[in-house]
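Okay, here's what each chain looks like letter by letter:
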Amino acid sequence: MATDSYHYTLSELMVVAAARQIADGEIVFVGMRLPLLGFLLAKLTHAPNAVGIYELGIVRDTPAPEPILTMGDLPNLFRAKWLSDTSDVMGLLQNGTIDVSFIGGAQVDRFGNLNTSYIMNSGKITTRLPGSGGACDLASLAKRHIIVMSHEKHRLVPKVDYITSPGYGDGPGWREKSGLPRGGPSAVITSCGIMKFDSVLKEMLLVSIHPGVTVRHILENTGWPLKIKDSLEKTPVPTEYELEILRELDPEGYWTGS
Amino acid sequence: MAPASKLMSLFEAIKLYVPDGSEVVMGTSLETLIPFAAGHEIIRQKKHDLTLIGTISDILFDQLVGAGCVGKIRAAWVGNVITGSSYNFRRSVEGGDLKMEDHSNLTLAMALKAGAMGVPFMPALTGLGSDLFKTNTSLKKITCPFTGKTLTAVSAINPDVAIIHAQRSDEYGNAHLWGNLGVTSDACLASRYIIITAEEIVSPDVIESDPNRVITPGFRVSAVVHAPWGAHPSPVPGYYNRDHNAFIEYRSNSKTPQKFEKWMRDWIDDIKTSDDYIRLLGKERVVNLKLINHLLSEPADYGY
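Chains as they are written, first to last, in numbering that gives the first Met the number 0: chain B, 0 to 257; chain A, 0 to 303.
Chain B extracted, bound-state conformation:
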């Protein structure tokens, strides 16, 4: 039954959708911001045996004992399973241990290539973004990675200005030809819906739309003619239990407020 507390923000819906991409027992390389909450939510709901790896050199299999804003907050170090070097946890990524990773982006294209470095106009830098951080590594080396970002026409573009984090390049066979050992994006969770990738063409495919969003709105806000899956689904709304947990994790709504 719907109650007042049952209303949710778009960010909460996105975090819940991200959390549901994690299967129990998976080794997860946890990114910044919404993915951080998505991992914690998954741990506290359907994936209690998931293990979190953080690029700072942190491994933990329990949520931090207190709400955290970022992975370097001291509660996230408290009773960790392992505190180590960045090259150690990057080694786990490179040697194929990581099942899934999450990254955010400023610009993504139809093959899931992600740009968090440079927005260009006629060969000139118009916006300098923060850069890769670990994102390029997560996209290159995890068995699969999930992209979480806002759905706007200038963000979902036919071709990114700069590939910070490789997706499927220009299509089938590109990752193998480039020398990447495995992986590729498995889903893109935006503020409007969820896209997956055609297994043959490696092109983005709309598979689910969020409640209250129309296909037309999505197509108008995507920079190329987005393909749509025949059996289009509706993204399930967060459950009351998921929202309750999420609000304990982000009590001030810093990341998931309206």
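Honestly, I wouldn't trust all of these hints.
As the list claims (entries may be wrong) - Below, a sample of chain A positions facing chain B; criterion: calculated Cβ distance under 10 Å: (1) 54; (2) 85; (3) 88; (4) 95; (5) 127; (6) 130; (7) 131; (8) 133; (9) 292.
Unchecked claim - Okay, derived cross-link-like pairs now, DSSO-like style, lysine-lysine, Cα gap no bigger than 30 Å in a straight line: (10) 140/A / 158/B; (11) 233/B / 152/B; (12) 176/B / 133/A; (13) 123/B / 98/A; (14) 158/B / 148/A.
Note that these hints are calculated values from the structure, not bench results.
Cβ atoms here follow ideal geometry from the backbone N, Cα and C, with glycine treated the same way.
Let chain B serve as the given structure and place chain A on it in line with the hints.
Below, chain A alone, put in the same frame as chain B:
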């Protein structure tokens, strides 16, 4: 003969070991233990043409860029971790005033690993197909001599100086660090000089009771500085929590060059000592950031 003490003031350490044009690695534990006090002293001494090296930099690099100290950055990420982009960095790159070598966390870690190991490069599997190769001449594609597969070769980085904030150090540069350590160990081994800034200066007995916790052998360290609260607003495991508000306030205080000038006047120009800085922070802020839940590790027996 007892070794000579390396204890000196922050002013002396930066004056001696960070000449103009130096390649400086700092912020090596990523979000924790960022040597802000040392960075601010670099700004006060108006160093210029520095090359900054780091994985992610949580606003310290932005401050040094805004102060005009930096000619080039070799890093994976420059911004404000909980708010996003950082403005001085953006202005400088977009205005063409700052050279950027784009790394990922893994390539930067491997560059320092190669530097630490004394080899010209380290192989990696990351970034293949990405455009990092276009904006980073330290990355090249090579063919593995054993498997014939394509690899990323990451050229070694050997910084002139590593600036490391530690929880505690003896006066000879043997320092204990704990928590997540990022690329700190390799950054120390790869660098020509090492400056340790520490929350506490302790006797060698304390350090030698737990040699596994020593970040790098003291004989390679050039300077040791007592710098309590020297990593604020980043967190120091065992000492103080992250001051989120400082990062949020910095976002608006760096939005325009004028605002940033004022921020520098308020937080950097008149600070001479750690005591000045702690006074500026104020009692309430200091108390609020201190640890509430302590967790002491069990002692390990190193006896024979």
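Tested hints:
Among the interface hints, the one on residue 54/A holds; its C-beta lies about 6 Å from the nearest C-beta in chain B, closer than the 10 Å criterion. For residue 85/A, the shortest C-beta to C-beta distance to chain B is roughly 7 Å, which falls under 10 Å, so the interface hint holds. Because the smallest distance between the Cβ of residue 88/A and any Cβ of chain B comes to about 7 Å, under 10 Å, the interface hint for this residue holds. For residue 95/A, the interface hint holds, since its Cβ comes within 10 Å of a Cβ in chain B; the closest pair sits about 8 Å apart.
Hint status for residue 127/A: holds, given a least beta-carbon distance of 4 Å to chain B, under 10 Å. Against a cut-off of 10 Å between C-beta atoms, the interface hint on residue 130/A holds, since the closest Cβ of chain B lies about 5 Å away. Residue-level restraint check for residue 131/A holds (minimum Cβ-Cβ distance to chain B is 6 Å; threshold 10 Å). Against a cut-off of 10 Å between C-beta atoms, the interface hint on residue 133/A holds, since the closest Cβ of chain B lies about 8 Å away.
Proximity of residue 292/A to chain B holds as hinted, the smallest CB-CB distance being about 7 Å (cut-off 10 Å). Between residue 140/A and residue 158/B the alpha-carbon distance is near 23 Å, which keeps this suggested pair within the 30 Å criterion. Our distance criterion of 30 Å between C-alpha atoms is met by residue 233/B and residue 152/B, whose separation comes to about 21 Å. Between residue 176/B and residue 133/A the alpha-carbon distance is near 18 Å, which keeps this suggested pair within the 30 Å criterion.
Between residue 123/B and residue 98/A the alpha-carbon distance is near 14 Å, which keeps this suggested pair within the 30 Å criterion. Of the supplied pair hints, the one linking residue 158/B and residue 148/A holds, its CA atoms being roughly 28 Å apart against a limit of 30 Å.
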